[in-house]
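Colleague: Protein chains in written order, with our numbering: chain R, 1 to 356; chain C, 357 to 628.
Please note: incorrect hints may appear among the correct ones.
[To be verified] List time: in silico PhoX-like cross-link candidates among lysine-lysine, alpha-carbon distance up to 25 Å:
id: 1; chain 1: C; residue 1: Lys450; chain 2: R; residue 2: Lys14
id: 2; chain 1: R; residue 1: Lys101; chain 2: C; residue 2: Lys528
id: 3; chain 1: R; residue 1: Lys14; chain 2: C; residue 2: Lys528
id: 4; chain 1: R; residue 1: Lys76; chain 2: C; residue 2: Lys528
id: 5; chain 1: R; residue 1: Lys128; chain 2: R; residue 2: Lys108
id: 6; chain 1: R; residue 1: Lys284; chain 2: R; residue 2: Lys323
id: 7; chain 1: R; residue 1: Lys108; chain 2: R; residue 2: Lys151
id: 8; chain 1: C; residue 1: Lys550; chain 2: R; residue 2: Lys151
id: 9; chain 1: R; residue 1: Lys128; chain 2: R; residue 2: Lys169
id: 10; chain 1: R; residue 1: Lys169; chain 2: R; residue 2: Lys241
id: 11; chain 1: R; residue 1: Lys301; chain 2: R; residue 2: Lys323
id: 12; chain 1: R; residue 1: Lys109; chain 2: R; residue 2: Lys76
id: 13; chain 1: R; residue 1: Lys169; chain 2: R; residue 2: Lys246
id: 14; chain 1: R; residue 1: Lys335; chain 2: R; residue 2: Lys288
id: 15; chain 1: R; residue 1: Lys151; chain 2: R; residue 2: Lys101
id: 16; chain 1: R; residue 1: Lys113; chain 2: R; residue 2: Lys101
id: 17; chain 1: C; residue 1: Lys528; chain 2: C; residue 2: Lys450
id: 18; chain 1: R; residue 1: Lys101; chain 2: R; residue 2: Lys128
id: 19; chain 1: R; residue 1: Lys288; chain 2: R; residue 2: Lys327
id: 20; chain 1: R; residue 1: Lys76; chain 2: R; residue 2: Lys26
id: 21; chain 1: R; residue 1: Lys169; chain 2: R; residue 2: Lys345
id: 22; chain 1: R; residue 1: Lys128; chain 2: C; residue 2: Lys450
id: 23; chain 1: C; residue 1: Lys528; chain 2: R; residue 2: Lys108
id: 24; chain 1: R; residue 1: Lys128; chain 2: C; residue 2: Lys550
id: 25; chain 1: C; residue 1: Lys620; chain 2: R; residue 2: Lys128
id: 26; chain 1: R; residue 1: Lys327; chain 2: R; residue 2: Lys301
id: 27; chain 1: R; residue 1: Lys284; chain 2: R; residue 2: Lys241
[To be verified] Examples of chain C residues lying across from chain R (beta carbon under 10 Å, computed):
id: 28; residue: Tyr526
id: 29; residue: Ala530
id: 30; residue: Ala597
Calculated from the structure, these hints are not laboratory results.
We treat Cβ as the ideally placed atom computed from N, Cα and C, and that holds for glycine.
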Amino acid sequence: MTGLELELVRLTKKFPGFTLGPLDLKVEDEILVMVGLTGSGKTTVLNLISGIIRPDNGSVILDGSEITHLTIESRKVGYSFQTPFLFPHLNVYENIIFGLKKRDEQAKKIYVKKLLDDMEISHLCNRKIQGLSGGEMQKVSLVRMLAVEPKIILMDEPLAHLDIPTRRKLRIEFRRVLRRYGVPVIYVTHLEDEVYSLADSVAILSHGKIENKGKLEAIVSSHSSHFVSEIFVGANYIEGKVIESKDGITIIEVGSDLVETLGDYSTGSRIGLLLRPEDVFLSKDAVKTSARNVIRAQVIKLVRQVSLTDVYLQTDYLHLRAKITEKARNDLGIKMGDQIYAMFKAISPQIVREDS
Amino acid sequence: MKDRNLTKNTPGRLKRSRFDMIFLVLAGAMVAYVSYPIVNIFTLLKPTTFLESMVRSEVANAFILSLITATISTLLVAIFGIPLAYFLARIHFKGKFLVRLIVIVPLVLPPLASGALLLGIFGPHSMLGKAFPLEFTQSVLGVIIAQTYVASPFMILASQASFESVDESYEKVARILGKNRLETFLHVTLPLAKTGILVGFIMAWVRSVGELGATMMMAYNPHTISIQVFEDNAVGGLSNALPTILLVIVLSMIALAIFYILRKEEALKPIW
Chain R
1 MTGLELELVR LTKKFPGFTL GPLDLKVEDE ILVMVGLTGS GKTTVLNLIS
51 GIIRPDNGSV ILDGSEITHL TIESRKVGYS FQTPFLFPHL NVYENIIFGL
101 KKRDEQAKKI YVKKLLDDME ISHLCNRKIQ GLSGGEMQKV SLVRMLAVEP
151 KIILMDEPLA HLDIPTRRKL RIEFRRVLRR YGVPVIYVTH LEDEVYSLAD
201 SVAILSHGKI ENKGKLEAIV SSHSSHFVSE IFVGANYIEG KVIESKDGIT
251 IIEVGSDLVE TLGDYSTGSR IGLLLRPEDV FLSKDAVKTS ARNVIRAQVI
301 KLVRQVSLTD VYLQTDYLHL RAKITEKARN DLGIKMGDQI YAMFKAISPQ
351 IVREDS
Chain C
357 MKDRNLTKNT PGRLKRSRFD MIFLVLAGAM VAYVSYPIVN IFTLLKPTTF
407 LESMVRSEVA NAFILSLITA TISTLLVAIF GIPLAYFLAR IHFKGKFLVR
457 LIVIVPLVLP PLASGALLLG IFGPHSMLGK AFPLEFTQSV LGVIIAQTYV
507 ASPFMILASQ ASFESVDESY EKVARILGKN RLETFLHVTL PLAKTGILVG
557 FIMAWVRSVG ELGATMMMAY NPHTISIQVF EDNAVGGLSN ALPTILLVIV
607 LSMIALAIFY ILRKEEALKP IW
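My request is simple: use the sequences and hints to build the entire structure.
Modeller: Put into structure tokens, the structure is as follows:
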């Protein structure tokens, strides 16, 4: 299932005190993460696409056909909410086959088994909903949604209610499954790390309007507006290809730069790392320390914030931000255009993304 | 020992004891007030009289008539009342408040007044009475009309509360998964609200069995079990009516036991 495309044309919805749109957006076979602060209209966009609410103006076009006036059930849309809303009177298997039509029982069983295997939850097949953990419920909910073969998938912060380790794990699994499924996905969140974990593209929604849209790297590095920097205030995002992985140490290639991190990953796969600016050390000279990553970069921007300074660095392929005290900057004498060394330990980055 | 004295003398402990005692006495008095008349039946009732009453054909007929008419009335209330309850729970429309008030009218009206109102519509000299060649009064149909009217709020209110307790998001999910509104209602809303609806069904049925005032106005004959109790008491005094009363009590207790079992199941349901 490839080549599907969703298009929103001048989509508008007015509420008392808030207007969404007019919104123009095109989503191809990719995961588009829609980011915005609370009240920016993210969920409204999903509700308009799914038909839960009707627009005042504009069109929703899916796979070349206008679906603006179709009923919810005839749109072939998959929608995952913050709460999984698995039907409590049905078990896991019955939940998954709920939306399936015209398949004989044996075919249904084989089909469901394949989906459950793919999500690695076959063992839950005959379990009651009441006994599942939050993470398991979201996985079952995703399988139930995929079972009806939707033409587009909408996800409204489905991991919001989960604990942080489960969320981290599920983000990577969700991306793996969703990329394999190959339909347009709109994933709504206000969390920066979910953007890095899942996005091919990012759309920034602010006060009911799309402020910016583009590929992940372009959006993150642009910091084009106050709002974008408000969302992406945190970590450095580094994505690269695994060229070596053994004994729990992985080396990734980012252009001509090499970055070491912990973990075992398949050679050739791409992984994404988050690195906190506080974990980046700076030096004028190449000094020998326990840090496994030493990168020579140019200072391209200095932003002073009270007693701290953000130092923006750039190599041919890497963009890094380091946070140091103003006193440290003065002591080192760091100025715009300087060539300096950025260092961080292999243990510092957090893996947020894995694409085989 | 020292600890126990300390606990006893704390003001909180003292207050709680007084509170418990007062409430225990009041609650006990209430239970005694409700249960004593029932227990008292066994002191008044002679086994021979009971057996004699049980073999009286009019008691058996009244008993059977009540079972049948109450069941039909409850089914009628369910057929018309459940969709109404769903509308009241889910749909926002002008005049909803008024409809909600109308629904509870049979609950707050004295049953005799309800019966009188029904007579005005279904009586032999009414428009409907003249228009249809049917015996609306003094007939089984009259009993059913009266019971349906009086029992309707129990079914509607219980079902409405039950529908309101079902998160609408389940219905949205079902629609997104490809089910139309009717399929969503049958496969999701109804199963999730079923316990509350069954409770309403039982309450409406018990109310129909026990109905007297409206039924007397609409159809004194044929006798339902409640009218039989009334007549036995009028003709032969309390001792004559006691066996039939006991029969009604047993029947109601069975229905209430089912009601409580369902309520317990409902309480055990997971909350989402």
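Colleague: Each hint should be assessed against the structure and marked as holding or not.
Modeller: Structure-based check of all given hints:
For the hint pairing lysine 450/C with lysine 14/R, the CA-to-CA distance comes to about 22 Å; that is within 25 Å, so the pair holds. Taking the CA atoms of lysine 101/R and lysine 528/C, the gap is near 18 Å; set against the 25 Å cutoff, the hint holds. With a C-alpha separation of about 22 Å, the suggested pairing of lysine 14/R with lysine 528/C holds against the 25 Å cut-off. A threshold of 25 Å between alpha carbons decides the hint, and for lysine 76/R with lysine 528/C the separation of about 13 Å falls inside it, so the pair holds.
For the suggested pair lysine 128/R and lysine 108/R, the alpha carbons sit about 19 Å apart, so the restraint of at most 25 Å is met. Simply put, lysine 284/R and lysine 323/R have alpha-carbon atoms about 15 Å apart, close enough for the 25 Å limit, and the pair holds. The suggested pairing of lysine 108/R with lysine 151/R holds, with an alpha-carbon distance near 20 Å, which does not exceed 25 Å. The straight-line distance between the Cα atoms of lysine 550/C and lysine 151/R is roughly 34 Å, outside the 25 Å bound, and the hint therefore fails.
For the suggested pair lysine 128/R and lysine 169/R, the alpha carbons sit about 23 Å apart, so the restraint of at most 25 Å is met. Between the alpha carbons of lysine 169/R and lysine 241/R the distance comes to roughly 20 Å, so the proposed pair stays at or under 25 Å and holds. Distance check on the hinted pair: lysine 301/R and lysine 323/R sit about 12 Å apart at the alpha-carbon level, within 25 Å; holds. A threshold of 25 Å between alpha carbons decides the hint, and for lysine 109/R with lysine 76/R the separation of about 22 Å falls inside it, so the pair holds.
For the hint linking lysine 169/R to lysine 246/R, the alpha-carbon distance of about 21 Å falls within 25 Å, and the restraint holds. Restraint check for lysine 335/R and lysine 288/R: satisfied, since their Cα atoms lie roughly 23 Å apart, inside the 25 Å limit. Under the criterion of a C-alpha separation no larger than 25 Å, the hint pairing lysine 151/R with lysine 101/R is consistent with the structure, at around 16 Å. Simply put, lysine 113/R and lysine 101/R have alpha-carbon atoms about 17 Å apart, close enough for the 25 Å limit, and the pair holds.
Our distance criterion of 25 Å between C-alpha atoms is met by lysine 528/C and lysine 450/C, whose separation comes to about 24 Å. With a C-alpha separation of about 22 Å, the suggested pair lysine 101/R and lysine 128/R falls inside the 25 Å cut-off, and the hint holds. Distance check on the hinted pair: lysine 288/R and lysine 327/R sit about 23 Å apart at the alpha-carbon level, within 25 Å; holds. Taken as a hint, the lysine 76/R and lysine 26/R pair is honoured in the structure, with Cα atoms around 18 Å apart against an allowance of 25 Å.
With a C-alpha separation of about 23 Å, the suggested pair lysine 169/R and lysine 345/R falls inside the 25 Å cut-off, and the hint holds. Distance hint between lysine 128/R and lysine 450/C is unfulfilled; the C-alpha atoms sit about 41 Å from each other, more than 25 Å. Restraint check: the Cα-Cα separation between lysine 528/C and lysine 108/R comes to about 23 Å, which is no more than 25 Å; the hinted pair holds. At most 25 Å may separate the alpha-carbon atoms for a hinted pair to count; lysine 128/R and lysine 550/C meet this at roughly 19 Å.
Our distance criterion of 25 Å between C-alpha atoms is met by lysine 620/C and lysine 128/R, whose separation comes to about 20 Å. At most 25 Å may separate the alpha-carbon atoms for a hinted pair to count; lysine 327/R and lysine 301/R meet this at roughly 17 Å. Straight-line distance between C-alpha atoms of lysine 284/R and lysine 241/R comes to about 29 Å, which puts the hinted pair past the 25 Å bound. The interface hint given for tyrosine 526/C holds, since its Cβ lies 6 Å from the closest Cβ of chain R, which is under the 10 Å cut-off.
The criterion of a C-beta within 10 Å of any C-beta in chain R is met by alanine 530/C, whose closest approach is roughly 7 Å, and the hint holds. For alanine 597/C, the interface hint is violated, since its Cβ never comes within 10 Å of a Cβ in chain R; the closest pair sits about 45 Å apart.
In terms of the numbered hints stated before, the structure departs from hints 8, 22, 27 and 30, listed from lowest to highest.
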